[in-house]
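Participant: Residue-level listing of the chains:
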Amino acid sequence: MDEEKKDILILAIESSCDETAAAVVKNGREVLSNVISSQIELHKLYGGVVPEIASRKHIEKINQVIEEALTEAEVTLDDIDAIGVTYGPGLVGALLVGVAEAKAIAYAKKIPLVGVHHIEGHISANYIENKELEPPFLCLVVSGGHTHLVCVKDYGDYEILGRTRDDAAGEAFDKVARAIGLGYPGGPKIDKLSKEGNADAIVFPKAHIEDSPYDFSFSGVKSSVLNYINGCQMKGIEYNRADIAASFQKAVTDVLVENAMHAVQEYGLKKFAIAGGVASNSTLRAAMKNACEENGIEFYYPSPIFCTDNAAMIGVAAYYEYLAGTRHGWDLNAVPNLKLGER
Amino acid sequence: MRILALDSSGLVAAVAVVEETETGAKTVAEYTVNYKKTHSQTLLPMLDEIAKMTELDMESIDAIAVAGGPGSFTGLRIGSATAKGLGLALNRPLIHIPTVDGLAYNLCYTDCVVCPIMDARRNQVYSGIYSFDGDRMNVLEPQMAVGIEELAEKLRSYDKRIIFLGDGVPVHCHALKEELLREKDIAFAPPHMNYQRAAAVGALAIQYYHEGKIENAAEHKPDYLRVSQAERERAERQKALDGGR
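Heads up: the sequence lines are chains A and B, in that order.
One point on numbering: in numbering that gives the first Met the number 0, the residue at position 279 of the first sequence is 278, and numbering is uninterrupted.
One point on numbering: in numbering that gives the first Met the number 0, the residue at position 11 of the second sequence is 10, and numbering is uninterrupted.
Because the hints were derived from the structure by calculation, they are not lab data.
Keep in mind that a hint or two might mislead.
Unchecked claim - Computed list of lysine to any residue pairs in SDA-like fashion (alpha-carbon distance at most 25 angstroms, straight line):
1) Lys108(A) x Met0(B)
2) Lys338(A) x Val254(A)
3) Lys109(A) x Glu54(B)
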């Protein structure tokens, strides 16, 4: 027997929404390649992601993306120890492409298949650039489809403390962006425009949920933005788009920060991380950084490339699942509404 | 030569291993399931069963054949992604068999005209028109999405007996027999020939292989015969706008 500790290489595949992605990750922390083929330009024509078009693009691109990930990592499939794949939550038709592909590769190469929860991937993105980060910590996952406040107790062991009751934070960004004529996707555009505006110009409501202090609601703030615009139009007043962007963003950010800091203290955690597409938002990052400094909490965040949907984060999550003994069968199916922590 | 064939385009999930012998195509194993589980849950476990039962070494497969459409969009992609993953991992070519051609090949060796009809919704069927010289298939009309009346019109020009098969038969057999093709000699395939069979896909794939009709796993994609609903509606809006000018 070889006494030397062998490196574990995971090939990861992600196709839950509109990016086709593959990556090779070594020992759960080192990203050897991270290839993302984005379809965003195509979906812009429709003002949002069209599931059938997304699925069609995935099947066209998936082999190229995987081959590129292997080439860039300078490995072949023979070097790979396991295949990790997102099997939920997400668009079912889109997920199925990645799942069927991953199963076939794992089957043909006779290596283990590890299904990964998309949110677990986002959380795990924090391990890539923060080698010292280990559970327990609190993580806020904010994206176009998700807003979760999660206590990461251990690798693969999660407790969801709070979630949105209606729109995801990123969804609210998209809707407000559309209302002020910025187009899709709204997050980066609002972030950019807000820098020219006054965040205190307009006071939009911050929703707090009575009985569950960590839950969120973003449909109220979104509606009040739409009402504000409507009101201005009826009165024939010109409204300042930059002020709206900045004020809306502040209202969302404030609630995210307040709930997160509340939870960190209640649970006595010393570390806090953000993840997901909206975690790239510069205002949110700055506000979280400040709040963490004030509270003496260590703050972690991934680079934007690991915030967006990518396969490297799936590879990291798959590595820890692999170590924990998670193996999926050849009947693995896509689960569009998969719950975090479910197997 | 050994072909692994997959068909998950319709209601059935089907996997077969077909070999070329001196006397023609030999089906080593064929597994068909028509059950409520999704193809995602059945297709690969079925392959695994076949592999175990027939001591199949995946490396011994020369090409992977897949029914490439038309059919259920999601079903097609499960078959295609499975074939693409196997092709990538084994470094083998894919053979894209048009679904309707594969279905027609259920009836090879017949001297009748063969016309598969698959229910395509929106008042159409997926169909094509074929004849055979032994096991050689001739495509008289390549697969298409077509209204049943228009299809009947095309079929009137053939003198031979016409055999229909496919999941569109129960829906349209009455209209074909009693109205549309009353004057023609028509027949319907027995129920056990009515569904997609991977053994037929595999046998036809041997022909394709010899004709050089193979493709790289990366370039393979399903042929849906239809654009997505979003694209269709967008084109209609665009057309309405242009018309309004």
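Participant: With reference to the structure, classify each hint as holding or not holding.
Facilitator: Okay, the hints, checked on the actual structure:
With a C-alpha separation of about 21 angstroms, the suggested pair Lys108(A) and Met0(B) falls inside the 25 angstroms cut-off, and the hint holds. Of the pairs offered as hints, the one joining Lys338(A) and Val254(A) holds, with about 24 angstroms between alpha carbons and a cut-off of 25 angstroms not exceeded. Straight-line distance between C-alpha atoms of Lys109(A) and Glu54(B) comes to about 15 angstroms, which keeps the hinted pair within the 25 angstroms bound.
Every hint, counting from the list given before, is met by this structure.
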